[in-house]
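The listed protein sequences derive, respectively, from chains G and D. Okay, so the first sequence: first residue is 1 according to our numbering, each after it adds one. Okay, so the second sequence: first residue is 1 according to our numbering, each after it adds one.
The set of hints was computed from the structure by calculation and includes no laboratory data. Be aware that one or more of the hints could be misleading.
No copy labels: a pair is met if it fits in one copy or bridges any two.
With a Cα cut of at most 25 Å, we get these calculated SDA-like pairs of lysine to any residue [what the hints assert, rightly or not]:
no.	residue 1	residue 2
1	LYS86	TYR171
2	LYS86	LEU170
3	LYS119	LEU70
4	LYS47	GLY21
5	LYS47	PHE2
6	LYS15	HIS162
7	LYS116	GLY21
8	LYS55	GLY144
Protein chains: 2
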Amino acid sequence: MFPPLPTELLQLLLKSEIAIGDFAIDATAGNGHDTVFLAQAVGENGKVLAIDIQKQAIDSTTARLENAGLRDRVHLHHGCHSELAKIAGEQRPRAIVFNLGYLPGGDHNLITQTEKTLKAISAAWEILISGGLLAVVCYPGHDGGGDEAAAVEFLITSFADHHTARYGMLYNEKPAPFLLLSRKLG
Amino acid sequence: MFPPLPTELLQLLLKSEIAIGDFAIDATAGNGHDTVFLAQAVGENGKVLAIDIQKQAIDSTTARLENAGLRDRVHLHHGCHSELAKIAGEQRPRAIVFNLGYLPGGDHNLITQTEKTLKAISAAWEILISGGLLAVVCYPGHDGGGDEAAAVEFLITSFADHHTARYGMLYNEKPAPFLLLSRKLG
């Protein structure tokens, strides 16, 4: 699709940055699309940690990984992504992906909570390797999504030594989803 | 580079959209980087029209094309891009690229003029084939570039049947260059 959707651009650009054997984190597993993408990108010797607070998302991601024959590369964690540094342990990831908002097909009242999102993104930035990549898809058109999106953009651009781009569709009526892409330079 | 610069993303995304044998227009030839890119993308049977109002840009683009062995595929026109519909004649392009601002290495007082830029972009949209692509790199950090960038963004999102994305770096201090990418749906 041209121009690509933010989620499409995310995969297009990350694909050539993640190397075989890498460790990557999907901080919002959701229906598992990005988890499967990351599991493919890290290859047979790589590892992915996928986190979601909803049991339905963990189940859906598990099924998608099993269908793709990629279940072995992924550690699934049912819990809050604000704990991601603890969950990741000693391993430092090359890439961390967040896709905010609600679970597609799930309960739209269960959305990411701004305070926990900010805590999770700060922790993600801390544990990334130098040169590592952070990608966040924000949904300012959703209820509560506008404040969350603005807070996330403010947080990321306040990090030291970041190189960040923003990509989003331009709709005429309502705020459109956008993608923040950052490289940690320090 | 991750994340890519706007000019890098432009080429990355256009590459797979332009087919062998296509007709494409570089409405601001400048130093010829995009002209060479387009001439490669359209292949041996394709054609490119490259326009610039500065003789220095036409010379620089000519030299770059000759070095790349691509001179034969390109019609160079020394004149104002606001006339591009007339210059293109009957041919309808699949893609049109604008890179606004001043000529790198040239006189920084010679910048694209907003009124002429808007006229050129409107004409470009008119002559694009259905499904065709418009890409505009804007420089809001340059003198006069902020107003021009805002006017271009407003114009493009006012077109009927456009599908548009915006990509830009997030700097902390000053407005950063950004790319507008549109597909003409109608």
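Against the structure, the hints come out as follows:
no.: 1; hint: LYS86 / TYR171; verdict: neither (39 Å within a copy, 31 Å between copies)
no.: 2; hint: LYS86 / LEU170; verdict: neither (38 Å within a copy, 30 Å between copies)
no.: 3; hint: LYS119 / LEU70; verdict: neither (29 Å within a copy, 53 Å between copies)
no.: 4; hint: LYS47 / GLY21; verdict: within (7 Å within a copy, 43 Å between copies)
no.: 5; hint: LYS47 / PHE2; verdict: between (31 Å within a copy, 22 Å between copies)
no.: 6; hint: LYS15 / HIS162; verdict: within (20 Å within a copy, 28 Å between copies)
no.: 7; hint: LYS116 / GLY21; verdict: neither (30 Å within a copy, 52 Å between copies)
no.: 8; hint: LYS55 / GLY144; verdict: within (22 Å within a copy, 53 Å between copies)
Consistency with the previously given hints fails for numbers 1, 2, 3, 7, ordered from lowest to highest.
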